[in-house]
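J.: Here the protein sequences line up with chains X and G, keeping their order. For the first sequence, the working numbering begins at 1 and goes up steadily by one. For the second sequence, the working numbering begins at 1 and goes up steadily by one.
One should not assume that every hint holds.
The following label-pair restraints were derived from C-beta to C-beta distances [as the list claims (entries may be wrong)]: (1) G/A21 to X/L84: 42 to 52 angstroms; (2) X/G75 to G/T124: 25 to 35 angstroms; (3) X/K28 to G/A136: 17 to 27 angstroms; (4) X/L130 to G/P73: 25 to 35 angstroms; (5) X/A114 to G/V96: 20 to 30 angstroms; (6) X/G108 to G/A64: 40 to 50 angstroms; (7) G/A136 to X/N113: 49 to 59 angstroms; (8) G/V96 to X/S76: 31 to 41 angstroms; (9) G/A53 to X/D72: 21 to 31 angstroms; (10) X/S33 to G/A136: 44 to 54 angstroms.
On the chain G side, residues computed to face chain X include the following (Cβ under 7 angstroms) [said to hold, decoys possible]: (11) P46; (12) G60; (13) T124.
Keep in mind the hints are simulated off the structure, nothing from the lab. We put the CB at the ideal spot given by N, CA and C, even for glycine.
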Amino acid sequence: MAESQSPGAKPHPTPHPRPISPHLQVYKPQLTSFTSILHRLSGIVLSVGMLYLVCWLGAAARGADAFAALQDFNGSLIGRLLLLGWSLAFFYHLLNGIRHLAWDAGFGFELPNAYRSGYAVLAGTVILTLGAWIAAYYQMGAF
Amino acid sequence: MGETGKSLRSPKSLRSPLGRARGLGSAKEGVNHWWAQRMTALALIPLGLWLVASLVCLAGADYAAVTAWLAAPTSVGAISLTILAVVYHAILGMQVVIEDYIHTPATKLVLMVGLQLGGFAIATAAIVSLLVIAFAG
Chain X
1 MAESQSPGAK
11 PHPTPHPRPI
21 SPHLQVYKPQ
31 LTSFTSILHR
41 LSGIVLSVGM
51 LYLVCWLGAA
61 ARGADAFAAL
71 QDFNGSLIGR
81 LLLLGWSLAF
91 FYHLLNGIRH
101 LAWDAGFGFE
111 LPNAYRSGYA
121 VLAGTVILTL
131 GAWIAAYYQM
141 GAF
Chain G
1 MGETGKSLRS
11 PKSLRSPLGR
21 ARGLGSAKEG
31 VNHWWAQRMT
41 ALALIPLGLW
51 LVASLVCLAG
61 ADYAAVTAWL
71 AAPTSVGAIS
81 LTILAVVYHA
91 ILGMQVVIED
101 YIHTPATKLV
111 LMVGLQLGGF
121 AIATAAIVSL
131 LVIAFAG
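Chain X with its partners taken away, still in its complex shape:
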C-alpha cells in the first residue's frame, strides 16, 4: 500500500510531489505513442488556427480592403503552407478524435485494432487533406 502521507515517510525533495507526465526519451517510438503525441500537437496547432479564423472573420467585418489584404496573404506561399498545415492538423485531429471517442465507448482498444485504426487515421488524414485541396483548387478554376 502506498502511504506517502504517513508520519514516517521521508519528505519529498520537491515542494509539489505530484505525478508529472512520463518522460518521452525513455520510451521506444511506437505508432500508438506517435499518434497520441500528434493528437496533442495538432490540437495546439488548431488552437492557433482558430485565432487565425477569428482574424479572418474580423477582417471580413472590417471591410473589403482588410479582407482583400488577408486573402492576398492566404494566397501567398507562406499563407498556403499555413493553410496546408492547419488542414492536415484538422483532418488528423478529427479522425484521431473519433478514434479516441470509440476507445472511450469501449471499442477498438485491443492492440491489433489500435494499430489498424492508427494506420487508418494517418491514411485518412492524407486522403481527406488532398481531397479538400483538390476541391478548393477546382473551385478556383485551376482545372
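Once you've looked at the hints, dock chain G against the given chain X.
T.: Positioned in the frame of chain X, the structure of chain G alone reads:
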C-alpha cells in the same frame, strides 16, 4: 493495512475514512472536464466538417460572395456554435497541456488566466464580427 489503517479507525478521530480521503485526489473536479471535452468533440465532428467544407467551397470567392455567405442566418448560427464549441474544447485541451508542461506556479497561473479569459474574448470577437457582417453589410 499498516499503522495508517489502524489510526484511521482510532477512537480519537471522529472523522470517517471517507471524510479524510475526500478532496485529496488529483481530480477534485470529478468527471466534468473529461465529459465536457467529449461533448464538444462530438459536436465538432459535424460542425467542423461543415465549416471546412464551406471554406473549401468559398475558395477563390470575392468579398461580396464571402460576406453574403457569412451574413446568412444559418451561417451566423452555425459558425457561432462552431466557434463556441471550438473555444470551449481548446480551453479544456490547452489547460491540460499547460498543466503537464508548465511547473512554475506563477507562469502556470498567468497562462491559465490568459487562456480562459482570452478564450471568451476570442469567442466574443468572432460573434461580434458575424453580427457586424450580418447587420451592417
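J.: Do X/A114 and G/V96 keep their Cβ atoms within the hinted range of 20 to 30 angstroms?
T.: 21 angstroms, holds
J.: Can you let me know if the beta-carbon spacing of G/A136 and X/N113 is within 49 to 59 angstroms?
T.: Distance hint for G/A136, X/N113 holds at roughly 53 angstroms.
J.: Can you tell me whether the CB distance of G/V96 to X/S76 sits inside 31 to 41 angstroms?
T.: Roughly 34 angstroms apart at Cβ, these two residues keep to the hinted range, so it holds.
J.: Does the CB of G/P46 sit less than 7 angstroms away from some CB of chain X?
T.: 11 angstroms, violated
J.: Taking the Cβ atom of X/K28 and the Cβ atom of G/A136, is their distance within the range 17 to 27 angstroms?
T.: Violated, since X/K28 and G/A136 (Cβ atoms, about 58 angstroms apart) do not stay within the stated range.
J.: Under 7 angstroms is the threshold here; is the Cβ of G/G60 close enough to any Cβ of chain X for the hint to stand?
T.: Hint holds; G/G60 Cβ to chain X Cβ min 3 angstroms, cut 7 angstroms.
J.: For the pair G/A21 and X/L84, does the Cβ-Cβ distance stay inside 42 to 52 angstroms?
T.: Holds, at about 51 angstroms.
J.: Would you say the C-beta atoms of G/A53 and X/D72 sit inside 21 to 31 angstroms of each other?
T.: Since G/A53 and X/D72 have Cβ atoms about 24 angstroms apart, the given range 21 to 31 angstroms holds.
J.: Note whether the CB distance of X/S33 and G/A136 lies within 44 to 54 angstroms or breaks it.
T.: Holds, since X/S33 and G/A136 (Cβ atoms, about 50 angstroms apart) stay within the stated range.
J.: Measuring from beta carbon to beta carbon, are X/G108 and G/A64 in 40 to 50 angstroms?
T.: Because 47 angstroms falls inside the window, the suggested range holds.
J.: In this structure, is the beta-carbon distance linking X/G75 and G/T124 contained in 25 to 35 angstroms?
T.: Distance hint for X/G75, G/T124 holds at roughly 29 angstroms.
J.: Should the interface hint for G/T124 be scored as holding, given a Cβ-Cβ cut-off of 7 angstroms against chain X?
T.: 10 angstroms, violated
Checked against the numbered hints above, the structure violates hints 3, 11, 13; every other hint is satisfied.
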